[in-house]
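Working from the sequences, and respecting the hints, build out all of it.
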Amino acid sequence: MKIPVLDFYKWQVTVCVFLSIYSWLCHSVSGQIHYSIAEEMRKDSVIANIADDLGLDINQLSSRKLRIVSRSAEKYFYINIDNGNLYINGRIDREILCGTEASCFLTFDAMVENPLTVFRVKIEIQDINDNSPSFYHDIMTIQILESASIGTKYVLKNAEDPDIGINSIQSYKLSENEYFTLREKIGSDGSKSPELVLQQAVDRETQKTHELILTALDGGNPMKTGTAQIRIIVKDSNDNFPVFTQEIYKVSVKENLPINTTIIRVNATDKDEGIHSQITYSFTKTSANVHHSGVFRIHPTNGTIDINKVLDFEHMAKYELSVQAMDGGGLIAHSKVLVEVIDDNDNAPEISITSLSSPIPEDSQPGTVIALIEVHDQDSGVNGEVDCQIIEFVPFNLMVLSDTYYRITTSTTLDREKVQGYNITILATDRGSPPLIRRKTITLDISDINDNPPRFIKSSYITYIPENNLPGASIYNIQAVDPDVGDNAQIFYSVVFTDMENPLVSSYVSINVETGVLFAQRSFDYEQHKEFVILIRAQDNGSPSLSSNTTLVIHIVDQNDNAPKILYPSLESSGQATFEIVPFIIEQGALITKVVAVDEDSGHNAWLSYHFIQVSEHHCFTINQLTGEIRTSRSFIEKDVLKHKVVVMVKDNGDPSLSATTTLSLIIADNFQQVLPKFSNKLPEEDAQSNLQLYLVIGVALISLLFVITVILVIISKCKEAKYLPTFDPLTSNLYHPVDARMFSQYTNGTLTLPYNVCVALDSTENDFAFLKPNQSNKVENLIDTDDSGLENESLKESLANNFLHEIPM
Numbered sequence: 001m002k003i004p005v006l007d008f009y010k011w012q013v014t015v016c017v018f019l020s021i022y023s024w025l026c027h028s029v030s031g032q033i034h035y036s037i038a039e040e041m042r043k044d045s046v047i048a049n050i051a052d053d054l055g056l057d058i059n060q061l062s063s064r065k066l067r068i069v070s071r072s073a074e075k076y077f078y079i080n081i082d083n084g085n086l087y088i089n090g091r092i093d094r095e096i097l098c099g100t101e102a103s104c105f106l107t108f109d110a111m112v113e114n115p116l117t118v119f120r121v122k123i124e125i126q127d128i129n130d131n132s133p134s135f136y137h138d139i140m141t142i143q144i145l146e147s148a149s150i151g152t153k154y155v156l157k158n159a160e161d162p163d164i165g166i167n168s169i170q171s172y173k174l175s176e177n178e179y180f181t182l183r184e185k186i187g188s189d190g191s192k193s194p195e196l197v198l199q200q201a202v203d204r205e206t207q208k209t210h211e212l213i214l215t216a217l218d219g220g221n222p223m224k225t226g227t228a229q230i231r232i233i234v235k236d237s238n239d240n241f242p243v244f245t246q247e248i249y250k251v252s253v254k255e256n257l258p259i260n261t262t263i264i265r266v267n268a269t270d271k272d273e274g275i276h277s278q279i280t281y282s283f284t285k286t287s288a289n290v291h292h293s294g295v296f297r298i299h300p301t302n303g304t305i306d307i308n309k310v311l312d313f314e315h316m317a318k319y320e321l322s323v324q325a326m327d328g329g330g331l332i333a334h335s336k337v338l339v340e341v342i343d344d345n346d347n348a349p350e351i352s353i354t355s356l357s358s359p360i361p362e363d364s365q366p367g368t369v370i371a372l373i374e375v376h377d378q379d380s381g382v383n384g385e386v387d388c389q390i391i392e393f394v395p396f397n398l399m400v401l402s403d404t405y406y407r408i409t410t411s412t413t414l415d416r417e418k419v420q421g422y423n424i425t426i427l428a429t430d431r432g433s434p435p436l437i438r439r440k441t442i443t444l445d446i447s448d449i450n451d452n453p454p455r456f457i458k459s460s461y462i463t464y465i466p467e468n469n470l471p472g473a474s475i476y477n478i479q480a481v482d483p484d485v486g487d488n489a490q491i492f493y494s495v496v497f498t499d500m501e502n503p504l505v506s507s508y509v510s511i512n513v514e515t516g517v518l519f520a521q522r523s524f525d526y527e528q529h530k531e532f533v534i535l536i537r538a539q540d541n542g543s544p545s546l547s548s549n550t551t552l553v554i555h556i557v558d559q560n561d562n563a564p565k566i567l568y569p570s571l572e573s574s575g576q577a578t579f580e581i582v583p584f585i586i587e588q589g590a591l592i593t594k595v596v597a598v599d600e601d602s603g604h605n606a607w608l609s610y611h612f613i614q615v616s617e618h619h620c621f622t623i624n625q626l627t628g629e630i631r632t633s634r635s636f637i638e639k640d641v642l643k644h645k646v647v648v649m650v651k652d653n654g655d656p657s658l659s660a661t662t663t664l665s666l667i668i669a670d671n672f673q674q675v676l677p678k679f680s681n682k683l684p685e686e687d688a689q690s691n692l693q694l695y696l697v698i699g700v701a702l703i704s705l706l707f708v709i710t711v712i713l714v715i716i717s718k719c720k721e722a723k724y725l726p727t728f729d730p731l732t733s734n735l736y737h738p739v740d741a742r743m744f745s746q747y748t749n750g751t752l753t754l755p756y757n758v759c760v761a762l763d764s765t766e767n768d769f770a771f772l773k774p775n776q777s778n779k780v781e782n783l784i785d786t787d788d789s790g791l792e793n794e795s796l797k798e799s800l801a802n803n804f805l806h807e808i809p810m
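FYI, the numbering for the sequence shown is 1 to 810, going by UniProt numbering.
In case anyone wonders, no lab produced these hints; they're calculated from the structure.
Each hint can be trusted.
Simulated restraints on C-beta separations:
(1) 113 x 297: 45 to 55 Å
(2) 113 x 310: 36 to 46 Å
(3) 434 x 543: 51 to 61 Å
(4) 356 x 99: 32 to 42 Å
(5) 412 x 356: 18 to 28 Å
(6) 91 x 543: 52 to 62 Å
(7) 58 x 284: 50 to 60 Å
(8) 479 x 421: 20 to 30 Å
(9) 525 x 716: 50 to 60 Å
(10) 252 x 72: 24 to 34 Å
Where a beta carbon is used, it is the ideal one built from N, C-alpha and C, also for glycine.
Next comes the structure, spelled out in structure tokens:
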């Protein structure tokens with residue numbers, strides 16, 4: 001009977017509507033997302049509006065990224081984020097998915113973000129009558145004895161229908177004939193098996209074979225059928241069939257049992273004797289046995305069933321084996337062996353990283369999601385239940401989202417300068433016995449932010465720089481460190497000029513902005529600036545940039561670059577020696593005067609000492625090297641020279657040492673009236689002194705010439721002594737001290753210039769020299785160059801008397 005196509009589609013629509021209403025009712029009652037659909041629905045068919053069922057705003061589906069996360073369900077379903085409907089994505093064949101199971105479900109997770117939430121969706125697949133009954137063999141051959149009695153039953157092979165329930169096989173029908181009828185035997189599991197019943201005795205001589213048609217019918221609407229041909233061969237008498245001790249054998253075995261392990265033994269008996277009672281066991285060639293081909297093997301004579309391949313619960317949990325027993329006469333009996341595989345904890349959990357945010361900024365707030373973890377175990381029951389944890393002591397938490405999903409979040413603030421990255425090891429442990437574990441390590445990098453300013457090692461630095469340094473030379477290298485990286489750690493240096501007392505410090509120093517090396521712009525002068533206080537700033541290149549300051553104190557180290565300055569006696573503008581009147585009657589060691597000098601340098605360079613470098617032959621004075629005090633060394637007597645000229649040298653303690661000189665005229669007299677006449681008598685002698693100086697120059701020149709000639713003669717004669725000795729002009733005998741040639745500094749235009757101008761006393765009673773400072777030489781020469789007119793002599797006497805009175809200490 002054929003059902004019209006239009007009626008069939010109306011029936012499908014009615015079923016779909018009914019199933020949708022049933023799904024809604026189930027969802028509302030159970031409180032979970034549960035749908036029920038029919039198999040073989042068309043692609044893009046609407047199942048339900050999952051957004052409404054989940055309580056989601058349709059306008060936010062795109063931003064929250066509603067999607068299906070499943071290993072297998074994505075090829076069957078999809079979600080339209082524009083309207084929130086759940087659609088069929090591909091063909092759903094219940095028989096392929098679940099076989100003959102009474103219930104068939106597809107389960108997946110629906111995930112949304114912001115916040116991250118996972119929903120479990122369970123869809124039940126309802127069976128429809130989309131498969132016709134079929135026989136594994138189109139032709140079934142049965143051998144019967146002609147002696148078979150009426151009512152003898154012959155078991156036929158079942159037809160198979162992948163559908164379940166009413167859509168599976170409901171009845172069998174045999175084609176019309178006069179010898180055989182059909183009987184349906186209902187087994188303990190509710191299955192129907194066709195049996196051929198002999199209705200009338202057969203005669204091999206009359207008819208050797210009989211051809212019948214067996215039809216299997218299911219209960220679907222429309223009904224579907226399958227047929228097979230039964231070929232009956234009539235043989236001579238073997239009138240007893242083998243009989244199994246059990247119609248159905250059941251056995252439970254653990255997976256991963258060794259190969260060749262015997263799991264069960266089937267047994268059949270035959271009342272016949274001889275060859276007709278010899279039974280041979282074998283697997284019947286059915287679609288199920290072909291699918292499980294090679295997994296098991298049966299011994300043909302004793303009926304033991306052994307494992308031929310390792311059993312894997314995850315691949316197949318149940319086996320249905322069809323076993324036949326055939327006696328020597330060709331009679332066959334059938335039985336079923338149901339093998340249930342018991343799961344063994346042989347699969348470790350699997351960990352996969354669904355999403356990972358790396359690197360993350362170090363300023364991430366606690367609770368920031370860094371990864372989504374999926375955990376799956378192929379085992380079932382307790383063996384498939386998994387617990388996860390983070391095994392290291394790290395600032396992260398592992399939070400459960402569903403049975404299979406976890407998320408990793410930060411538990412505290414992060415600091416890249418302390419830890420630049422983390423290795424997060426996730427340990428997944430199932431609840432089997434013994435438990436199996438799996439580790440997964442996630443490498444998480446921490447990105448830098450500019451949260452650390454440059455840092456100097458010290459808050460202040462001190463350096464010592466000698467004065468008179470070379471301009472442009474480096475004087476100090478100052479460094480700061482920044483624990484950040486990249487641009488955040490790139491440091492630039494600058495000098496902050498804040499010294500208000502020394503506004504010109506910017507003209508003395510500069511700094512390299514990249515290296516922190518300081519350079520001297522000009523030479524330092526200790527006498528002007530003894531130290532510089534410089535504020536140096538280090539600023540990084542981050543955004544926003546951070547900075548820190550330090551202080552550099554530059555102490556200028558003194559060098560001996562200043563000669564001592566004599567404060568007293570002061571020559572001032574007159575340029576003449578200072579006169580000191582010493583009483584004739586004076587005690588030994590009495591203080592006469594004191595030379596006062598200063599040095600602009602400091603330290604050792606400013607330690608001064610005082611020395612006589614030019615004194616009379618019979619001088620009666622001493623000088624204290626530390627204080628510069630001039631005292632008498634003894635009492636005076638009548639024959640002592642009344643006038644003494646001494647040259648005092650003031651020397652510092654530098655290296656090399658620098659010095660200055662001054663000249664003192666010490667007059668021994670009781671009062672000024674005794675000194676003035678004698679002083680006036682000496683004035684006309686100035687011209688003679690000038691002539692004497694000329695003679696002195698000529699004498700020195702002659703001595704030098706004779707010395708050169710003598711050296712030449714000694715070389716020529718080789719150690720021959722000179723016969724003639726040089727003679728001196730009688731004028732030179734008036735000189736008390738011989739003049740060393742090294743004292744001459746230059747000889748220009750016939751005039752000899754000495755380091756100190758020498759004044760020779762023409763009075764035989766005063767054989768001494770008066771050394772004048774260089775700035776007095778021009779005045780003395782002018783006096784020498786003038787004629788001996790009385791007017792000029794009088795003027796000279798008056799000038800000298802005034803200077804003498806001016807220089808007498810009060």
